[in-house]
Amino acid sequence: MELSIQIAPKHKPGLLLANPVMTASGTFGYGTEYSQLFDIQRLGAIVCKGTTLNPREGNPQPRLAETPCGLLNSIGFQ
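Residues 9 to 86 in the numbering used here are what the sequence shown spells out, letter by letter.
Source of the hints: derived by calculation from the structure; they are not laboratory data. A quick note: this is a predicted structure, and the numbers were derived from the prediction, not measured.
Across the chosen pairs, the derived CB separations fall in these ranges:
| id | residue 1 | residue 2 | range |
| --- | --- | --- | --- |
| 1 | G39 | L72 | 17 to 23 Å |
| 2 | K18 | G84 | 27 to 33 Å |
| 3 | G52 | K20 | 19 to 25 Å |
| 4 | P70 | N27 | 30 to 36 Å |
| 5 | D47 | G84 | 28 to 34 Å |
| 6 | P70 | P17 | 33 to 39 Å |
| 7 | Q49 | P70 | 33 to 39 Å |
| 8 | K18 | Q44 | 36 to 42 Å |
| 9 | G66 | P28 | 25 to 31 Å |
| 10 | L79 | G58 | 15 to 21 Å |
| 11 | P17 | R50 | 20 to 26 Å |
Even glycine gets a Cβ: it sits at the ideal position worked out from N, Cα and C.
Sequences and hints are given; from them, build the entire structure.
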């Protein structure tokens, strides 16, 4: 089954992923823990946390909430 996807079709160089499965921003760390659970090379992309040039406080607590489908985090730029 062909799963590749172009996620930046209007950007001249584009960005072709082997598949659309990727981590959520800021939840994957360096991937060392997850590499023991599954082959992380099979992911289409790893999404890193956002960064800024200047320090910021981030969002106020609570920053983590449990939902019926997992967890929702809102750390912000800290």
